[in-house]
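The whole structure should be built from the sequences, with the hints applied where relevant.
The listed protein sequences correspond, in order, to chains E and P.
Mapping to this note's numbering: the first sequence position 166 is 166, numbers consecutive.
Mapping to this note's numbering: the second sequence position 69 is 69, numbers consecutive.
In short, the hints are calculated from the structure, not lab data.
All values reported here derive from a predicted model rather than from experimental measurement.
One or more of the hints may lead you astray.
Listed next, with one range per pair, are the computed distances between beta-carbon atoms [said to hold, decoys possible]:
id	chain 1	residue 1	chain 2	residue 2	range
1	P	Ser17	E	Tyr225	57 to 67 Å
2	E	Val106	P	Ile289	49 to 59 Å
3	E	Ala109	P	Asn40	45 to 55 Å
4	P	Asn61	E	Pro290	39 to 49 Å
5	E	Pro82	P	Asn40	29 to 39 Å
Ideal Cβ placement from N, Cα and C applies to all residues, glycine included.
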Amino acid sequence: MKSLLWKQWQENRGYLAIFLAWMVLAAIYSIGYEVGYGFHAPVGHFSGLSLFYTICAAVFLAMRAAQGEQSAGTLSFSASLPVSMRRIAAVRIGGAVATLAIPVLVAAAVLSLALASGFVEQAGPRGVEFLPRLPQRETASLLTALEQLASVTAIAIFGGIELLLVLSVFGCWLRSQAQVGLLGAVMGLGSMIASGLFWYGERRPYVQLVYGAVLPQSLAIQWSYGEEHGGYTDHELAQYRWIALGLSIPVLLIIGYLFVIRYGRLKDIALPAKPGRFRFSTPSLWSHIPIRLRGRWTALIWLELRQSGPLVTCGLLFALLIAIVSVLTEPRGNYSTGASVLAAMPHTISFVGMLWATVVGSGLYSAELDPRLGAFWRSRPISSDMWFWCKFIVGLAAVLIVLDGVTILASWNAPRDSPTTGMSWAYVGCFPVIHALLYALAVLGTCWLRKPVIGAFMAILGFAVLNIAITTFPLTDHLDPFTVYNNLLRDERAGHVDLTQHGYPLVYGVLAVSTFILGLVSSRFARPLERTFRRFTLLPE
Amino acid sequence: MSAPAIRVDQLKKSYGSQQVLQNVSLNIPAGQTFALLGRNGAGKTTMIRILLGLIPADSGNVQLGGIDPAIDPLTVRSHVGYLAEDQAMYGWMTPIELCRFLAPFYPTWDMNWARDYLDRFGIPPHGRIGRLSKGQSVKLGLVVALSHHPPIVILDDPAMGLDPIARKEFNRDLVEHLQTSGCTVLYSSHLLDEVEAVADAVAILDHGRIVRTGTTDLLRDEVKQILLSCDSIAGTPPPEGLLDVCRHEDRLAFIIDRSENYVGQLIAKGIDHDVVDLSLDEIFEAFVIGRTQDWPGKPANSAAMSP
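Below, the structure written as C-alpha cells:
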C-alpha cells in the first residue's frame, strides 16, 4: 500500500503544485481585486474562481484517473502486480480527490487570513429580496464572513469531487483521455446549467436540500453585476447547505465505490473489440457517393469539412439543448417556447461557443499531430503550411458559420427584452472575434504541447488570465472584451448602435490580429514528426 | 550501370548529444529491392524521414531519382510510395474515400488499380478504416502507397505488429506486386525472415553506421560459420572479419565475414573444419550482437598450428 501511495504521490505532485499555484493566485487576485475596487465581495469572487478551478481540475484529473494507465500502456503491468486492481483504483481516485481539494483549502485559508486580519471585508449574506446591491449592503461580521467562505469552499470541493468521480466512472468505458476531456467539458458546462435549476423564482429550501445532496454545486449561485468601474460577483447560498453537504457524502462514496468496481474490471475493457462485441458507428453514407475531388485544395477542404462539420454541429446542438433547458427552467415573458429558445440562443452560444471553439481547435489538430497519423500525412506531397492553413481556416470558418452564423440568422428576429435575450449588433461584432481567438489559442496549445485536452485547457486558462490581467487594474478595466460588449449592448438597447465606441476598434482589432498571429505561431509548431517539447514528443529511432 | 535511384552520401544526424546516423552512405540501383536491416533504435526511421524530406540532415547528401529531398521534398514525395511502421489512417474514412481523397495529390494516381487491389486484398471499400483488422490496415497502407505507380517505394517496417501468418500473407502480396512493377524498393525491417524473401540486396545498420552492405547472395557466400576444434587454432590471433565466436567444450564455432580467404588458409594448413551456410537472419545477428571475446587464447603447453 505504501508503494502505491508513493507512486500516486510521484504522479500527482507536479499537478498538485500547479493547482496550488493556480488557486493561491486566485485567492490573491480576489483579495487584490477587493482592495482595488472595494465591493465587499471577496467570497463571491473566490467562489466563482473556485467553481471554475474545480471543473477544470476535475476534468483533468478524471482523464488521468480513468484513462492514464491505458494511455501510458501500464495497465497490464499494474494488473500483474500482487495487489488487487480495486486497491489500485482506490489509491488513484483518492490521490485525484486530494489533488483537487487541497489547493482550494489552501487558497481558502489565505483568504480567511485576509478576512480575519481585516485586510478585506465581506458584505452580509444576500437575502432573497436583493434590492440593495452589494456595495450598499452592510459589512458582515467576521464569523459570518468565515462561514460564508467555508460554505463556498465546501460546495466547490464537493461539487468538483462529484464531477471528478462521475467522469472517472464513465471514463472507464471510453477509449482515450481526449474523449474523457470532451465528456468532461460537456458535463462541466451541463452541471453549471443544472446547478441553477432551483434558483429562479420562489426559493424552495427543502427541494434545494435534496437537490444539493445530489448536485452540491447547486447549493450556491453566483450573480454577477457590472458597475461603471469594475464588476462584482455576489453569491447566494442555500439555506440548508450544510445538511445537504452532509447528505452528499454517502452519494460521493457510492460513486467512488462504483469507480473502484469499474476500474477493477478495466483489464477486460482494455482488450481490443472482438467480433461480435458491439461497437457503434454511423453508416458510411458519404462513401457511396462517388465524389470526384478536383485539385488538392478541394481535397483538403473536403477533409477538413468532414472533420470539423460534425464537431461544430454537436456544439450547436449542445447549445440548443442548454437554451431549451434554460427556457424551461427560468421564467420568461409571454413568448412561445420556440421564440424564447431563439431569444436565449445568443447568450447560450456566447459561452458555449467559447468552450466549443477550443474543442474544435484542439480536436482538429490533435489526431494529425500524433506520430502514427502524422507519418501517413506528412509523407504526402503537400507542404506543411498548406496543410496547416487549410485546416486552420476551414475549422475557423466552421466555428464562425455554424455556431455564430446560424445563431445570428436564427435569432435575429427573436425577442430582445433583456441583456441576455435576443440578438444584437454588439454580439455580431464581439463574440465571433472572441470565439476565433479561443479557437486560435486552442490550436496553439495543441500544436505546442501535442496534448489536445491540455491544449484546450491552456486556451481557456490563457483567455481567463488575459481577462484577469485587464480587469485587475482600474485603468484598463474598461478594455475588458466583455465590458466592451456589455457597453455596446447597453447603448444598442438604448437605441444607439455604434461599433466605434467604448474602445471596440482597439480591443477587438487587437483580438483579431492576435488570432492571426496565434495561427502563425501555431504553424511553426505544427510539424507532426518534429519535436516541440522534448517531454511531449517521441524521438524516432 | 545506370544512376542509382536512391543515393545517400555521408549522412549524419544527431538529436542533441545522441548521434543517430554517422556517415551513412548507400547506393540503390533502379529496380532493386533493397533491405535496410537494423535493430530498433539503429536509425532506420530517421534515415527514411530524411529521405522523404520530413526532417533535415545535419550533413551529407541525399538524392531520390536525382532530386534532393531537402530542396524539393514535395516532388520527392510525389514520386515515392511510403508505408510507415504502425501507420494510422483516418479511422472515420472508408478505404474508397481515402483513395478519392489522395487521388488529387498524385497526377499519376490510378483509381482502377486501387479498386482492383482493394478487391484483391479483401479490403471492404465502404467499411470504416477504424474497423479494419491490423492486417487489412497494413494492406490498405500498401494500396495507397502504390496506387500512384511510384518509381520508388519505401517501406518502413510495414509488417510490424502483424502476427506471423499475416506477415507472410502481406509479404506474399508484396512480392507479387514487386515482381510485376519494376520499381525500386527500400524495405526497412528488423524481421529477417520477411526480408529474405523479397530483398535483392541488404545493408546492415547498427548504432547509426552501415556495418555491411551487399547483395543477399553475396552475403550468404561471404559470411560463413566455421566449426573446428579449439586446439587447432589456439593462440592464433583472431582472423580479420571475425563477427561471432561460440565455444562448446573443445569445439569452436565462429562466424567470419569474407570467409573465403580464411577457409583457404585452413585448407592450406590442413586444419580439419566444417563450413556452414548461414541464413540472412544468422548473418544479421552476427553483425549486430556477435561477440568475439571467446576466441581461444594460447594454451600453456601446446604447440598449435597457426593458419
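Right, here's what the structure says about each hint:
| no. | hint | result |
| --- | --- | --- |
| 1 | Ser17/P to Tyr225/E: 57 to 67 Å | holds, 58 Å |
| 2 | Val106/E to Ile289/P: 49 to 59 Å | holds, 55 Å |
| 3 | Ala109/E to Asn40/P: 45 to 55 Å | holds, 51 Å |
| 4 | Asn61/P to Pro290/E: 39 to 49 Å | holds, 45 Å |
| 5 | Pro82/E to Asn40/P: 29 to 39 Å | holds, 30 Å |
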